[in-house]
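Engineer: Spelled out from the first residue to the last, the chains are:
There are 2 protein chains.
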Amino acid sequence: KLERLESVCSNALFVSADKGTNILRLKDELIKRLKEDEPEETIVGDLVPYNGRVVMVVPVDFEAPKGRIILPQVQLIRDCLDHGIKSYVVRDSELESALSDMSGPDLVVTDSQAFKNVSRIVPRDIKLTSFSILFARYKGDLGTLVNGAMKVEELKDGDMVLISEACTHNYSHEDIGRVKIPMLLNKYTGKKIRYDFKMGSDFPENIEEYALVIHCGACMLNRKAMQTRIDMCTEKNVKITNYGVLLAYLNKILPRCLEIFKSTEKDSASSME
Amino acid sequence: KLERLESVCSNALFVSADKGTNILRLKDELIKRLKEDEPEETIVGDLVPYNGRVVMVVPVDFEAPKGRIILPQVQLIRDCLDHGIKSYVVRDSELESALSDMSGPDLVVTDSQAFKNVSRIVPRDIKLTSFSILFARYKGDLGTLVNGAMKVEELKDGDMVLISEACTHNYSHEDIGRVKIPMLLNKYTGKKIRYDFKMGSDFPENIEEYALVIHCGACMLNRKAMQTRIDMCTEKNVKITNYGVLLAYLNKILPRCLEIFKSTEKDSASSME
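Keeping their order, the protein sequence lines are chains F and X. In short: position in the first sequence from 1, add 597, done, that's my numbering. In short: position in the second sequence from 1, add 597, done, that's my numbering.
So here's chain F without its partners, still in its complex pose (with noise of 0.2 Å):
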């Protein structure tokens, strides 16, 4: 009976909890699969050609773990590796040099730190973004990120702004959205903003109560979660932002972090134009 099913179902797999038939051919089955239904996600791939050549600018300050560097990094020289793409990995005070020693690169990412000295370095027919610019598009929608640093143009006096860090604990993180974006964000403006903190996984449900909402760079949720809060923010129209876009933004460099995008992403790229 058994039998007769089994040939009648040729693409099924019959495990056998009782005689331990085909548990591990099972697990293959199930990885393969769960591989097969990944949807194709890339942080460079599709910005750069196959064989091309990426210049990667890393800096080395006291925040870099010893002996490290940081995970977005890690997986931006793994993206390129699998696209085929490669990486010249360089501090920025050896930038010149490593630009000298190979012909016009298709891309150099840089730290956002380091931007200003970096966009001096490098000529201007070369292009130009941030790490934090390639993961603001990654983890989210940089259209609609881009679009809501906009926003900052119409802050008023009393305007709530909503500061959301996906992390619980991170002293470096914090400093970034407590001090130094509050901090830029007053100065550029020049109103009175108050703001609201949430961590973790407290995003509020009242978000329309909020002028803008400025969401860190989300490493530590994937894509598809980011994509939820951006959801919810977009279907009550309230404006939203990261780290990454908002720092480029407020340093007037995030026109020139967008060129890359132009070719393959108009929306993101026109509404800075």
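Incorrect hints may have been included.
As the list claims (entries may be wrong) - Straight-line Cα separation of at most 30 Å, DSS-like style, residue types lysine-lysine; simulated pairs: (1) Lys629/X x Lys777/F; (2) Lys663/X x Lys663/F; (3) Lys624/X x Lys663/X; (4) Lys663/F x Lys748/X; (5) Lys616/X x Lys663/X; (6) Lys859/X x Lys663/F; (7) Lys777/F x Lys663/F; (8) Lys663/F x Lys753/X; (9) Lys789/X x Lys663/F; (10) Lys777/X x Lys629/F; (11) Lys624/X x Lys624/F; (12) Lys821/X x Lys629/F; (13) Lys777/X x Lys624/F; (14) Lys849/F x Lys748/F; (15) Lys663/F x Lys629/F; (16) Lys821/F x Lys663/X; (17) Lys859/F x Lys629/F; (18) Lys859/F x Lys663/X.
Said to hold, decoys possible - Listing some non-contacts, in silico: residues in chain X with all C-beta distances to chain F over 12 Å: (19) Glu638; (20) Gly664; (21) Pro702; (22) Asp722; (23) Met747.
Said to hold, decoys possible - Pairwise CB distance ranges, derived in the manner of DEER restraints: (24) Arg630/X x Arg717/F: 34 to 42 Å; (25) Arg622/F x Lys833/X: 43 to 51 Å; (26) Glu856/F x Leu631/X: 41 to 49 Å; (27) Lys624/X x Asp658/F: 34 to 42 Å; (28) Glu626/F x Leu631/X: 47 to 55 Å; (29) Lys833/X x Asp772/F: 50 to 58 Å.
No wet-lab data here; the hints were simulated from the structure. The structure presented is a predicted model; accordingly, all values stated were derived computationally and were not measured. Cβ atoms here follow ideal geometry from the backbone N, Cα and C, with glycine treated the same way.
With chain F's structure known, arrange chain X on it following the hints.
Structural biologist: Below, chain X without anything else, positioned relative to chain F:
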């Protein structure tokens, strides 16, 4: 009275648990001094000049964790950054094009698995080594480990070989130690060798009973702990080598892997000549 003490001991820091004074400064000072005391250890910083170019060949196979690169690769990139060395990270499939992107790099470092293919691609006048050889030196004493590998030539029927693995669970390393190395060693020597396996901190006292100790790459041990094990062997006149060095030797790639060290560590390389 305290004030007089302070004026005399200008190099001391006075902390009060009562008033809470200087506690943060004490912490800062501890961190600063601990940093100063750290011995200067480097993976390639003494092999490649400042502003030099290293090409790293990182094949992306099923064992590489999704979205990441493995720790030795991360550590090598960071070590390069710390010493102002520029690293070009590529797959073996893009290596040929990578070499044509820049004039002769100072060193090519490859995953051992890809060595044969890579050594055909890299011109003979460019230095070439493997991640595991660099780490054999970083974590241990390359000269002694290379010398230990020579012992393979003297192994006799019935000799007992210890395979020592520092981590307690890791399927893929276990496979190298339990399956791959015994198989290759049996084939290379043609002798009936007996194997003993020890895991984790279980490094035997009766080390003199072994003809040869083959140690793992020690990524879970610090340099000092590995050096202690090497010293234990040396004291009892037992040869010790490690996975990376032995595999390079058995695959006849060790001489080329060692060329980069010739200028700095004559001892470790001379035993291969």
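Engineer: Now tell me if each hint is right for this structure.
Structural biologist: Each hint tested on the structure:
no., hint, verdict
1, Lys629/X x Lys777/F, "holds (26 Å)"
2, Lys663/X x Lys663/F, "holds (23 Å)"
3, Lys624/X x Lys663/X, "violated (38 Å)"
4, Lys663/F x Lys748/X, "violated (37 Å)"
5, Lys616/X x Lys663/X, "violated (51 Å)"
6, Lys859/X x Lys663/F, "holds (29 Å)"
7, Lys777/F x Lys663/F, "holds (24 Å)"
8, Lys663/F x Lys753/X, "violated (45 Å)"
9, Lys789/X x Lys663/F, "violated (45 Å)"
10, Lys777/X x Lys629/F, "holds (26 Å)"
11, Lys624/X x Lys624/F, "violated (51 Å)"
12, Lys821/X x Lys629/F, "violated (42 Å)"
13, Lys777/X x Lys624/F, "holds (25 Å)"
14, Lys849/F x Lys748/F, "holds (15 Å)"
15, Lys663/F x Lys629/F, "violated (37 Å)"
16, Lys821/F x Lys663/X, "holds (18 Å)"
17, Lys859/F x Lys629/F, "violated (35 Å)"
18, Lys859/F x Lys663/X, "holds (29 Å)"
19, Glu638, "violated (10 Å)"
20, Gly664, "violated (6 Å)"
21, Pro702, "violated (9 Å)"
22, Asp722, "holds (18 Å)"
23, Met747, "holds (32 Å)"
24, Arg630/X x Arg717/F: 34 to 42 Å, "holds (37 Å)"
25, Arg622/F x Lys833/X: 43 to 51 Å, "holds (48 Å)"
26, Glu856/F x Leu631/X: 41 to 49 Å, "holds (44 Å)"
27, Lys624/X x Asp658/F: 34 to 42 Å, "violated (19 Å)"
28, Glu626/F x Leu631/X: 47 to 55 Å, "holds (52 Å)"
29, Lys833/X x Asp772/F: 50 to 58 Å, "holds (54 Å)"
In summary, the numbered hints that this structure violates are 3, 4, 5, 8, 9, 11, 12, 15, 17, 19, 20, 21 and 27.
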